[in-house]
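Asker: Sequence:
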Amino acid sequence: MRSFLPLLALASTAVAKPTRSLNFVEATALAKKSERPVAVYVHGSSWHGASKRFRDLIWKKPEFAATLTQPIILTNIEVKQHFDKEAAAKHDESVKGWKDKSVRTYPAIQVYGFDGHLLTTLSGAALRSLSSMDALTDRLDQLAGLATQRRNLLQEATAAEGSEKLNLLAQLADLPLNNEPKIIAQFKNLDPEDKTGWQARLSFKNWDFVRHITGLVNGDKHDEALTEIEKQLSVPDQSPARLALIHGAKGRVLASQNKLSDAWATFQKAHQCDPKGPNGITMLAYGTRVAGVPLREVLPTDSTLNGKDIGDNISRDHATVTLSSTSNDDPTQHAHLFNGPYAKVGFAIHTDAEKDAHGIVDLQEICQVQALRIINRRTQSGRAKTLTVWTSADQKTWQKIWAADKAEFAWDILLEKPVAARYLKVGLKSPKPEYLSLQAIDIFGSR
Numbered sequence: 001m002r003s004f005l006p007l008l009a010l011a012s013t014a015v016a017k018p019t020r021s022l023n024f025v026e027a028t029a030l031a032k033k034s035e036r037p038v039a040v041y042v043h044g045s046s047w048h049g050a051s052k053r054f055r056d057l058i059w060k061k062p063e064f065a066a067t068l069t070q071p072i073i074l075t076n077i078e079v080k081q082h083f084d085k086e087a088a089a090k091h092d093e094s095v096k097g098w099k100d101k102s103v104r105t106y107p108a109i110q111v112y113g114f115d116g117h118l119l120t121t122l123s124g125a126a127l128r129s130l131s132s133m134d135a136l137t138d139r140l141d142q143l144a145g146l147a148t149q150r151r152n153l154l155q156e157a158t159a160a161e162g163s164e165k166l167n168l169l170a171q172l173a174d175l176p177l178n179n180e181p182k183i184i185a186q187f188k189n190l191d192p193e194d195k196t197g198w199q200a201r202l203s204f205k206n207w208d209f210v211r212h213i214t215g216l217v218n219g220d221k222h223d224e225a226l227t228e229i230e231k232q233l234s235v236p237d238q239s240p241a242r243l244a245l246i247h248g249a250k251g252r253v254l255a256s257q258n259k260l261s262d263a264w265a266t267f268q269k270a271h272q273c274d275p276k277g278p279n280g281i282t283m284l285a286y287g288t289r290v291a292g293v294p295l296r297e298v299l300p301t302d303s304t305l306n307g308k309d310i311g312d313n314i315s316r317d318h319a320t321v322t323l324s325s326t327s328n329d330d331p332t333q334h335a336h337l338f339n340g341p342y343a344k345v346g347f348a349i350h351t352d353a354e355k356d357a358h359g360i361v362d363l364q365e366i367c368q369v370q371a372l373r374i375i376n377r378r379t380q381s382g383r384a385k386t387l388t389v390w391t392s393a394d395q396k397t398w399q400k401i402w403a404a405d406k407a408e409f410a411w412d413i414l415l416e417k418p419v420a421a422r423y424l425k426v427g428l429k430s431p432k433p434e435y436l437s438l439q440a441i442d443i444f445g446s447r
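Just so we're aligned, residue 1 is where the sequence shown starts under the numbering used here, counting upward by one.
Rather than coming from a laboratory, the hints here were simulated on the basis of the structure.
Mixed in with the good hints there might be a few duds.
Stated by the list, open to error - The calculated DSS-like cross-link candidates involving lysine-lysine, where the alpha carbons are at most 30 Å apart (straight line), are:
{"no.": "1", "residue 1": "Lys60", "residue 2": "Lys90"}
{"no.": "2", "residue 1": "Lys60", "residue 2": "Lys101"}
{"no.": "3", "residue 1": "Lys308", "residue 2": "Lys406"}
Unchecked claim - Distance windows between CB atoms, simulated:
{"no.": "4", "residue 1": "Arg447", "residue 2": "Glu408", "range": "24 to 32 Å"}
{"no.": "5", "residue 1": "Leu414", "residue 2": "Ile366", "range": "17 to 25 Å"}
{"no.": "6", "residue 1": "Val345", "residue 2": "Ser392", "range": "43 to 51 Å"}
{"no.": "7", "residue 1": "Glu93", "residue 2": "Lys221", "range": "27 to 35 Å"}
{"no.": "8", "residue 1": "Ala87", "residue 2": "Pro341", "range": "45 to 53 Å"}
{"no.": "9", "residue 1": "Lys432", "residue 2": "Arg211", "range": "47 to 55 Å"}
{"no.": "10", "residue 1": "Ser392", "residue 2": "Phe204", "range": "55 to 63 Å"}
{"no.": "11", "residue 1": "Asp134", "residue 2": "Arg378", "range": "33 to 41 Å"}
{"no.": "12", "residue 1": "Lys60", "residue 2": "Glu93", "range": "17 to 25 Å"}
{"no.": "13", "residue 1": "Arg447", "residue 2": "Ala66", "range": "50 to 58 Å"}
{"no.": "14", "residue 1": "Lys221", "residue 2": "Pro341", "range": "21 to 29 Å"}
{"no.": "15", "residue 1": "Thr379", "residue 2": "Gly116", "range": "26 to 34 Å"}
{"no.": "16", "residue 1": "Met133", "residue 2": "Asp237", "range": "30 to 38 Å"}
{"no.": "17", "residue 1": "Asp100", "residue 2": "Lys221", "range": "22 to 30 Å"}
As the structure is a prediction and not an experimental result, all values here were calculated from the model.
Built from N, CA and C at the ideal position, the CB exists for glycine as well.
Given these sequences and hints, build the entire structure.
Answerer: The following block contains the structure:
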């Protein structure tokens with residue numbers, strides 16, 4: 001019967017309604033009395049726009065609390081930029097026991113257990129992924145359920161002994177919540193040789209571990225960072241959420257060493273470990289930015305081609321380019337035109353200043369072209385304000401398929417319908433001689 005107690009307790013309390021509390025101290029006192037968790041919205045709405053929007057559009061809405069199904073106490077802490085002496089004293093009195101060091105960006109949501117233990121902090125990308133009311137209520141309901149399981153396991157472990165106590169502590173430590181420092185000593189007494197591996201797993205500090213690895217990277221201690229990461233990966237039975245952080249930290253090290261292909265594979269592995277959890281989602285988002293996008297394995301989040309049926313990248317590993325003039329060009333940079341990472345000099349091709357400067361891309365066979373993404377040179381970007389694209393099957397007859405309205409850092413070009421072509425001419429229609437210098441051309445469709 002013991003193993004069903006957490007579920008029975010969860011079912012019996014699920015009918016309790018969420019409660020709003022005026023301040024943190026009041027909320028934690030009520031939590032201790034009723035043995036319920038607390039969700040705290042930490043914000044700076046008086047000076048921080050995102051905090052105010054999240055508060056007004058979600059947190060303060062009556063339907064937000066009404067949608068929650070698990071018993072949880074809701075409160076908030078507003079961090080103001082300026083306090084007079086009296087207001088500061090009043091504020092400090094209302095937030096006694098608040099673990100402010102875990103909040104690094106605003107807004108944030110902290111979830112505390114009935115005993116004041118900080119269970120988790122949602123901020124940054126993890127909170128942005130919960131920026132709809134449905135997503136947030138689902139996550140808070142999940143966390144409230146985990147808080148109830150934790151409470152029941154703590155109560156059962158207090159009365160248990162020997163192997164049963166060890167089993168209960170293992171279940172407690174396996175919950176995807178912040179570590180329980182107070183149970184490490186109990187593990188040491190019950191399992192002094194750490195045969196279960198729980199002492200090693202509990203030594204893992206979640207996001208603090210990632211920040212520690214980042215500190216080593218910033219100190220150019222890459223080997224030390226990788227040694228610590230491999231040590232954590234060797235610990236058996238790490239949870240999916242922890243593995244996502246460990247692999248993500250490894251990807252961070254590899255990206256700092258410019259090993260972008262290895263880094264991207266590692267960030268993807270982090271996501272595979274925890275595909276629906278905030279750690280896996282956050283690590284994939286970070287990996288996309290520092291490795292996936294530079295490698296052109298994925299599109300940036302702001303690309304208008306996202307979500308469109310554009311086919312495969314048909315220029316990578318296949319295309320070549322021929323320029324209309326080459327005295328300013330470095331052909332060793334051409335590989336960066338179609339494959340990531342981008343050329344460090346800021347451009348992969350560079351013609352002379354001439355009328356109708358262009359490059360002809362050869363796809364090596366007739367393909368169905370559906371879309372293009374062209375990256376401009378970062379400096380002197382205005383030179384490309386007349387950028388135009390033509391297609392041809394034989395380099396004799398050319399069809400214009402697109403022209404720029406103005407200079408941009410990047411152009412996302414989605415054709416109305418696929419165009420059959422082997423060659424694409426990417427060039428300028430400037431009224432006077434001008435240089436063509438581009439950083440990247442990605443062509444999508446089917447071969």
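Asker: Run the structure past the numbered hints and jot down the numbers of the failing ones, going up.
Answerer: 6, 7, 15
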